[in-house]
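Chemist: Let the hints inform the model, and build the full structure from the sequences given.
To convert, take the position in the sequence shown, counting from 1, and add 443; that gives the numbering used here.
If a hint is listed, it holds; no wrong ones were tucked in.
Derived SDA-like pairs: lysine to any residue, alpha-carbon spacing no greater than 25 Å straight-line:
| # | residue 1 | residue 2 |
| --- | --- | --- |
| 1 | K597 | R545 |
| 2 | K530 | L734 |
| 3 | K658 | I600 |
| 4 | K597 | G583 |
| 5 | K621 | S631 |
Source of the hints: derived by calculation from the structure; they are not laboratory data.
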Amino acid sequence: MLPVDMSQRVHRLLPDLAAWLDTACFTVRTVAPDMPRGKGTPRILLAEEIAHATCRDILIEWRNGRPRLMPAANGFPARIAFSPDDKAMAFALIAETLRPARMPAVGDESSAMLMRLASRIAASDATVLVQGETGTGKEGIARFLHDMSPRADKDFIAVNCAALPETMMEAMLFGHRKGSFTGAAASSDGLFLAANGGTLFLDEIAELPIALQAKLLRALQEGEVLPVGATHPVPVDVRVIAACNRDLALEAEAGRFRADLYWRLNVMPLHLRTLVARPGDIAAITAAFLLRHQGQGAQPGFAWPTPAALRRLCAHNWPGNARELGNVLQRAIVLREGDGIDVGDLSIAGAPAPMPFAVAAPARLHDVARASAMDAIRAALRDTGGHRARAARLLGISERTLRYRLAEMRDLAMAV
Numbered sequence: 444m445l446p447v448d449m450s451q452r453v454h455r456l457l458p459d460l461a462a463w464l465d466t467a468c469f470t471v472r473t474v475a476p477d478m479p480r481g482k483g484t485p486r487i488l489l490a491e492e493i494a495h496a497t498c499r500d501i502l503i504e505w506r507n508g509r510p511r512l513m514p515a516a517n518g519f520p521a522r523i524a525f526s527p528d529d530k531a532m533a534f535a536l537i538a539e540t541l542r543p544a545r546m547p548a549v550g551d552e553s554s555a556m557l558m559r560l561a562s563r564i565a566a567s568d569a570t571v572l573v574q575g576e577t578g579t580g581k582e583g584i585a586r587f588l589h590d591m592s593p594r595a596d597k598d599f600i601a602v603n604c605a606a607l608p609e610t611m612m613e614a615m616l617f618g619h620r621k622g623s624f625t626g627a628a629a630s631s632d633g634l635f636l637a638a639n640g641g642t643l644f645l646d647e648i649a650e651l652p653i654a655l656q657a658k659l660l661r662a663l664q665e666g667e668v669l670p671v672g673a674t675h676p677v678p679v680d681v682r683v684i685a686a687c688n689r690d691l692a693l694e695a696e697a698g699r700f701r702a703d704l705y706w707r708l709n710v711m712p713l714h715l716r717t718l719v720a721r722p723g724d725i726a727a728i729t730a731a732f733l734l735r736h737q738g739q740g741a742q743p744g745f746a747w748p749t750p751a752a753l754r755r756l757c758a759h760n761w762p763g764n765a766r767e768l769g770n771v772l773q774r775a776i777v778l779r780e781g782d783g784i785d786v787g788d789l790s791i792a793g794a795p796a797p798m799p800f801a802v803a804a805p806a807r808l809h810d811v812a813r814a815s816a817m818d819a820i821r822a823a824l825r826d827t828g829g830h831r832a833r834a835a836r837l838l839g840i841s842e843r844t845l846r847y848r849l850a851e852m853r854d855l856a857m858a859v
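Modeler: The structure is reproduced here in structure tokens:
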């Protein structure tokens, strides 16, 4: 999807770089460095080939020693120096340095397939339903769909339906006329009209009240909205992308969501898998996050993860998905002890304990799982300062489930 040229010398030196870039949604062409380049196509060159480089390119130094990344500056291209030990992180950094800012970071084949599908869907005006757990990147894929669509030069309006005051939902979505209710001192267009010509992203769509779902269905079917207090509908040209962290089909089956609205939204379904189910994305997301936040930590320079730190990140199960990964990396940037990020700088919930030299009796699987869950809960409460609602969101569970787990932990402690 994204064209990039690679010099013949780079390809001979690092033949597996092309395979990584292909998985990261790049189309790689091997060229001689003095060949004419495609319009806007970046190149990956060896440092010795700098005479053929522009500020859009990346220079590679393949050498022993500490890895180093120097961003493009003052008309000079970006430069990445690394050894075989740091190759995995270097490949991810190369891909994310080349990737446009609003395109989600991917490095897993399943995610690459999803992005190719999303690119095809983006060209249409079809309604899209994005489903996936909290923190899997639903808004990111929605922005990508907008940016790749013919509506890219118009507004992208994102609204979290769960955050709208219930008494104001209708007026905020569809607008209202002056004097239509107490406090309506002036008319307001509403979010649908604000997104006219562009894209409206309705996150947490399952939180809309049933009565309001009927008005949303009409807006989608007829291409018009009826503001509160108005007598005539107003035409709108909006592409709607809806998202939900629950299975909307099951919500409709249980009567908590209108079945007719579900089928109207589910024209182009996209399902985002959990981060643990797409391990190749971990290095890509790590690279993208570090590039975006470099220089903002307590120490200057780029915080390059060690091979051991990257292995630790890839070994975690990430119950909070990409959002949890971002939290871990941000803490590591600020609190790291050295110039890079090592295993000791990663504050990860449920980090594995060292294996004892001898085990008296084999642990039961149920006990191991329960101990791991308790570790994750303790770490989440520690990271959120004891705030239960935020800890529950970080863990990807409801606050009610968290209260149940805490009560269970207290009972166990009293029994010891």
